[in-house]
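Since chain X is already given, all that's left is putting chains G, Y, Z, A and L on it; use the hints.
There are 6 protein chains.
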Amino acid sequence: MSSRIAVFPGSFDPITKGHFDIISRALPIFDKIIIAVGHNAAKSYMFDLEKRLALIQHVFSDEPRISVESYHGLTVDFCEQKGAQFILRGLRNPADFEFEKAIAQTNRQLNTSIETVFLLTAARYAYISSSIVRDVYRHGGDYRDLVPSGVDLDK
Amino acid sequence: MSSRIAVFPGSFDPITKGHFDIISRALPIFDKIIIAVGHNAAKSYMFDLEKRLALIQHVFSDEPRISVESYHGLTVDFCEQKGAQFILRGLRNPADFEFEKAIAQTNRQLNTSIETVFLLTAARYAYISSSIVRDVYRHGGDYRDLVPSGVDLDK
Amino acid sequence: MSSRIAVFPGSFDPITKGHFDIISRALPIFDKIIIAVGHNAAKSYMFDLEKRLALIQHVFSDEPRISVESYHGLTVDFCEQKGAQFILRGLRNPADFEFEKAIAQTNRQLNTSIETVFLLTAARYAYISSSIVRDVYRHGGDYRDLVPSGVDLDK
Amino acid sequence: MSSRIAVFPGSFDPITKGHFDIISRALPIFDKIIIAVGHNAAKSYMFDLEKRLALIQHVFSDEPRISVESYHGLTVDFCEQKGAQFILRGLRNPADFEFEKAIAQTNRQLNTSIETVFLLTAARYAYISSSIVRDVYRHGGDYRDLVPSGVDLDK
Amino acid sequence: MSSRIAVFPGSFDPITKGHFDIISRALPIFDKIIIAVGHNAAKSYMFDLEKRLALIQHVFSDEPRISVESYHGLTVDFCEQKGAQFILRGLRNPADFEFEKAIAQTNRQLNTSIETVFLLTAARYAYISSSIVRDVYRHGGDYRDLVPSGVDLDK
Amino acid sequence: MSSRIAVFPGSFDPITKGHFDIISRALPIFDKIIIAVGHNAAKSYMFDLEKRLALIQHVFSDEPRISVESYHGLTVDFCEQKGAQFILRGLRNPADFEFEKAIAQTNRQLNTSIETVFLLTAARYAYISSSIVRDVYRHGGDYRDLVPSGVDLDK
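Residue numbers (my numbering), protein chains in the order written: chain X, 77 to 231; chain G, 77 to 231; chain Y, 77 to 231; chain Z, 77 to 231; chain A, 77 to 231; chain L, 77 to 231.
Rather than coming from a laboratory, the hints here were simulated on the basis of the structure. One or more hints might be untrue.
Identical copies go unnamed one by one, so any copy, or any two together, can satisfy a pair.
As the list claims (entries may be wrong) - Straight-line C-alpha distance at most 30 Å; calculated DSSO-like pairs for lysine-lysine:
no.	residue 1	residue 2
1	K231	K108
2	K231	K119
3	K119	K108
4	K93	K231
One chain only, chain X, in its complex shape (with noise of 0.2 Å):
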């Protein structure tokens, strides 16, 4: 059987303890984890693009299976262009799912040949969002426990 390749695509504006326990438990699932890190003209972000990439390859950079890269475009065309014919997300709560039907299957409707894969949350991560750090940042508060540990959003 070929190489099981997943992308797991976002803003990241930062990586958050939520998105580091779905990476962690996806990794008996595939091969490969190609973290996705979208940047959109239109978006505006607290991070930059290079601040958001390097706080992500800082925290897996033992781990020779998962690798890091910027996009823009269509999710399922990276996707192509990388030979994934995964991607992966995390559900916390009943409307992420709502929203994540959406794009699965807007997904599945431009390209049939790539299936989008979800994991849990864990439920002490669950209501941890990157909007929810970024607030807690801007008001100064402490926002270690809502981050992947060695996270320093000063630097």
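For chains G, Y, Z, A and L alone, kept in the frame of chain X given last:
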């Protein structure tokens, strides 16, 4: 019994196969359906009002019981001005439902003589939204299965 | 245009103020509404079929466009037999929505010519269900604000 | 037992009948309620901070156990500074619930000694939000049934 | 201000870590909490009333402000009889929310002087329900992490 | 990397087109899928265990990587016994999601080495459940579009 007139309000930025499905299936219920395209100075659209109106007119050019108009202001005021007793809305998922419930209850508070009637978007179109069409179009994807046949966003 | 006939199916064990609200507000949409009281040998009811029918007949005795009938079997078959093109249903909350969506899509699969039309239960009655009425009644509570005026469950 | 102080945080742009309902019904639970009006340089409001504070002060001018203050920064830090052990929040619908759950769990992570207490918005006000009030007001609709009596948005 | 008494009603078949979490965290809000164990002749339980009461009494034996009683009939009637102005409930997820909302609105309809107060179950216990504990116990699984420490279902 | 084995547990009373869709689409992810048909003395089924197993075996007779077995007891214990590291589940709607989340988190509590992997049921089958198939079958409706081709419930 007097004529049953329904208003189907929205931004239609642009019209989708989901909108088309709801309007087509509502024809047996009402004598006349007015597609009411909102224009709101405070919002920004991908397609301008003329384009949004023209796409809808093209799609329903053969159906004399459907008309297309632009409006601004409260939807219930537009209904009253047009002699419409009904607002028609489609429901795709629970998130839609919560949003539509608040709008419908506000409308009833403002004008108790106007009733909102809901149809379910067909399962195979329920993931489609104008925002998803815009996203696919912006990235150069093939949007034709997401809009009514004959809709050309580039023209 | 031919007559618009709707079937409003349910157990009505017993009829509630929520049912009454939906039926009353649907009268301007349809020419005739048939309240279809299901009887299912496999289910157990608090009120027997005769009582459930009698309560509804009493409530709508002044409205010639509403009739009450019992049925068993598939709802779409009952609609066909009665010449009804529409099924009327009320929506109270997102849980209702999911349940009703599955039923409506099954009915469309079984008979594509029958459309399900939804109205929103008024906010002040949306918490009421037959099961809540039965629970209050069983414990000797005052159920009168939960059912249409004139309904006497003890008679 | 020491005094039970609750903070009720929000934008209040403007205060609605839903806010009023929650605060009034929370009075028997707490000894003191501080309505905390957030001001965030990054957000744009329809009504400025002074107007938002003045409307609330006017509404609760007769209730000595309720005070109104503005704040910025983390809500848990404001609570600590005020000696409040409780955050009060209203729940209207399942979408509210998901959102509030994430906020409450973040707050507990940041400060485990502060508890969030929820009340349900009364059914007849549950569709009201500040955003709906702004929308009706912007289009010249009659907003008076959506806000506490005596609130004049034009003054 | 008079004493704040809350009733925490349920089947407790058996008590879970989720129940324990809600009750413990509610202690700073109320002066007294009465855990009210329902017994309903029409329902079947895995653990009989005596066992369900004994498990709870054991768990809270050191807390003089918590008492345990059985009841039947309407919860609001039991509250009135005990002089309790509050019903305490935990919320775990959106499905809980819809269910609890209907119950709370019925209770308010039956007795407007009794308020339902909600706390959020801690994220790490939110998946636990009595039904899941029974399922694990029935199949011989290790249920000890799902119930308060010291609870022995076999005794 | 060792073989990836997934267990797909359920009652399959009977197997539906929704089950078939999930299993077919999961084949590229796993090396082997074991369809695990639960039998529980406390539950009543429309189709007996032999019939439920036979229908599934018939549907997948050409696929050597899929096997069918019955089991009772905890699903995680069955997985361990079979050397499966994964549980496969389909998600149709938000209500499914909440239910599946509680089960998955309980399973992780019981055995942290087993991961639950979710796929989304295709939109056009998402309304189908075994309970809807049983309902249509019981009333003599045409169930063939609801089950995999070749499934004959009368044989």
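Consistency of the hints with the structure:
1. Proximity of K231 to K108 under the C-alpha cut-off of 30 Å is restricted to the intra-copy arrangement: shortest distance 29 Å within a copy versus 42 Å between copies.
2. Proximity of K231 and K119 under a CA criterion of 30 Å is satisfied in both settings, with 23 Å inside one chain copy and 26 Å between copies.
3. Proximity of K119 to K108 under the C-alpha cut-off of 30 Å is restricted to the intra-copy arrangement: shortest distance 29 Å within a copy versus 41 Å between copies.
4. Taking CA atoms no more than 30 Å apart as the test, K93 paired with K231 passes inside one copy only; the shortest distance there is 18 Å, against 41 Å between copies.
In summary, the structure agrees with every hint in the numbered list given earlier.
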